[in-house]
Amino acid sequence: MEVPRHWRLKKQRYALVGEVCPHCSSKIFPPRDVCPYCGGEAKTQFSFSGRGQVYSFTQMTNVPTGYEQSAPYTMALVQLEEGPVVTAQLTDLGEQHVEIGMPVEMVTRKIRTDMDDRGIIIYGYKFRPVMQA
Amino acid sequence: MREVVIAGIGQIPVGEHWDLSLRNISARAVQAAKKDSGWLIPEAVYIGNLIASMASHQANLGAMVTDNTFMEGVESYTVEAGEASSAAAFRLAYLAVASGWVDIAMALGMEKYTDLAGDSMDEPTKLVMDYDYESYIGQTLTSQAGLLMQRYLYENPKAERMAFGAFPLIGHNNAVNNPNALFRKAIRPEVYAKAGMISSPMNMFDIAPYGDGAAALILTTPEIASKVDHPLVRVIGSDVAIDTLALHDRPDPLAFRAAGVSLENACSQAGILPSDVDLFELHDAFSVYGVLSLEAAGFAPRGEGWKLGMGDKLTLKGDLPINTMGGLKARGYPLGATGAYQLVEAVLQLRGEAGENQIPDARLALVQSLGGPASTAVTHVLERMPG
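If you read the sequences in order, they're chains G and B.
One point on numbering: in the numbering used here, the residue at position 33 of the first sequence is 33, and numbering is uninterrupted.
All you need for the numbering used here is the position in the second sequence, starting with 1, plus 133.
Mixed in with the good hints, there may be bad ones.
What the hints assert, rightly or not - What follows is a list of derived Cβ distance ranges for each label pair:
| # | chain 1 | residue 1 | chain 2 | residue 2 | range |
| --- | --- | --- | --- | --- | --- |
| 1 | G | V3 | B | A196 | 28 to 36 Å |
| 2 | B | K450 | G | K110 | 50 to 58 Å |
| 3 | B | K291 | G | M131 | 31 to 39 Å |
| 4 | G | K110 | B | G404 | 53 to 61 Å |
| 5 | G | S25 | B | Q402 | 36 to 44 Å |
| 6 | G | E95 | B | P434 | 36 to 44 Å |
| 7 | G | V3 | B | A319 | 50 to 58 Å |
As the list claims (entries may be wrong) - Once the Cα atoms are required to be at most 27 Å apart in a straight line, the calculated DSSO-like pairs of lysine-lysine come out as:
| # | chain 1 | residue 1 | chain 2 | residue 2 |
| --- | --- | --- | --- | --- |
| 8 | B | K446 | B | K318 |
| 9 | B | K259 | G | K10 |
| 10 | G | K11 | B | K259 |
| 11 | G | K110 | B | K259 |
Derived from the structure by calculation, the hints contain no laboratory data.
Ideal Cβ positions, reconstructed from N, Cα and C, are used throughout, including at glycine.
The following block holds chain G by itself, in its conformation from the complex (with noise of 0.2 Å):
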């Protein structure tokens, strides 16, 4: 078990909670404290709207073990509004074709479980299509 990694991440997998760069203003996903732009010391905390589009993606048949419960899945490089690009899975999919540039949200979902069935249950972000009104 991994307790102390899970508790350390829970904001960037419940609210993607990243960072903004008091020098210049660029937002960063996942928080590094320092600017991977500018280079200066960025600590300011910025919470992410969750609202992006699909960059790229795949559909995995073989995936690791711990992740067959959601198998097979979409794998996606998602960039958000704000310029970051993050790695997630796509759910909510049904029968929806996926493609570059689709508009995708973020929800909260079981990712795996930790160890065996008695292992605590991991959850985080993955990305839907942005539903229609």
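Chain B: place on chain G using the hints.
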């Protein structure tokens, strides 16, 4: 800096060596390289390995290897640079001899992928990704490549899907004559076209198979190697470059910047152009990596690397032969030991000892190893010594 030559090479077949341990396979490669060098005694042994601490529950490999191969007391430790680990170990051995710190150094790549069995086998390969933001999400090295290939086909709509088949087809074809290859069987384009999808748009032949392996090289000065009874190969370029750990942190993921930078620096050090070489051992962990590596090296403009796979150019008969002994796809992909195999194969070509696959009069070879999706790139330029 002193001139550095490769005086000895050794390898075992890449395979599923259920009956052999990390100790057994490393000893075989070490002894073969020593014998080939006329029993030169290394003063330093740098070991390229990625997964032993997880798959074999064994770290402190320097002590294990030297103790096990009658080299007690010799400087030795592991160099880890993802799947480029043994290429990085080779670079360290090169620097150790070039600097004058030692006169004889060994680079040893070794990996026991099959020490784990069943579902957990691929678990250690995830070590080379960003654990918190890639592995944990359900990403694998294969899906990373799937994402890159999908994006490539989107940005370059003219790219023909079958062109990617050049890498597995050439690899399998060349491995037929390599006794150390995992798969010594050619495949037909129809078989590639019909193969089952693994991580769309990649099929099973777009993915190099992991295996166990060990390969070693002994580096020294031309003077010390003067009594060796085979041609010598000089190391004339060596460079390593780094890109972001996570694929998603790159402004342009298709650029393979580290691959381009390390190759340019290594060629510049060697005083050659990439187009001068007689062969290019590249890191075809996935077919799309072959395309991106060729573009990063400047062999094709951006978005046109796939065209190189359309004719004979990359085959043994072409003007830029790649992966002459099978590449990762068909020789097999022993993770951190891969770079040592690539270097050993380039040396065979430059010595004129590549058998049926010999490139006539091969003089210059480029060898590139990648860790992750070119998060780490190590490039070497090797040259046959005159005489």
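Here is what the structure says about each hint:
Our hint of 28 to 36 Å for G/V3 and B/A196 holds, since their Cβ atoms are close to 33 Å apart. At about 54 Å, the CB distance of B/K450 to G/K110 agrees with the hint of 50 to 58 Å. At roughly 35 Å, the beta-carbon separation of B/K291 and G/M131 lies within the given 31 to 39 Å, and the hint holds. A hinted range of 53 to 61 Å for the beta carbons of G/K110 and B/G404 is consistent with their spacing of about 57 Å.
Roughly 40 Å separates the CB atoms of G/S25 and B/Q402, a value that falls within the hinted 36 to 44 Å. Taking 36 to 44 Å as the suggested C-beta distance range, the pair G/E95 and B/P434 conforms, at roughly 39 Å. Separated by about 51 Å at the C-beta atoms, G/V3 and B/A319 satisfy the suggested range of 50 to 58 Å. Between the alpha carbons of B/K446 and B/K318 the distance comes to roughly 21 Å, so the proposed pair stays at or under 27 Å and holds.
Pair hint B/K259 plus G/K10 holds up; C-alpha atoms about 22 Å apart against a cutoff of 27 Å. In summary, the hint linking G/K11 to B/K259 is supported, as the alpha carbons are separated by about 24 Å, within the 27 Å threshold. For the hint pairing G/K110 with B/K259, the CA-to-CA distance comes to about 20 Å; that is within 27 Å, so the pair holds.
The structure agrees with every numbered hint stated previously.
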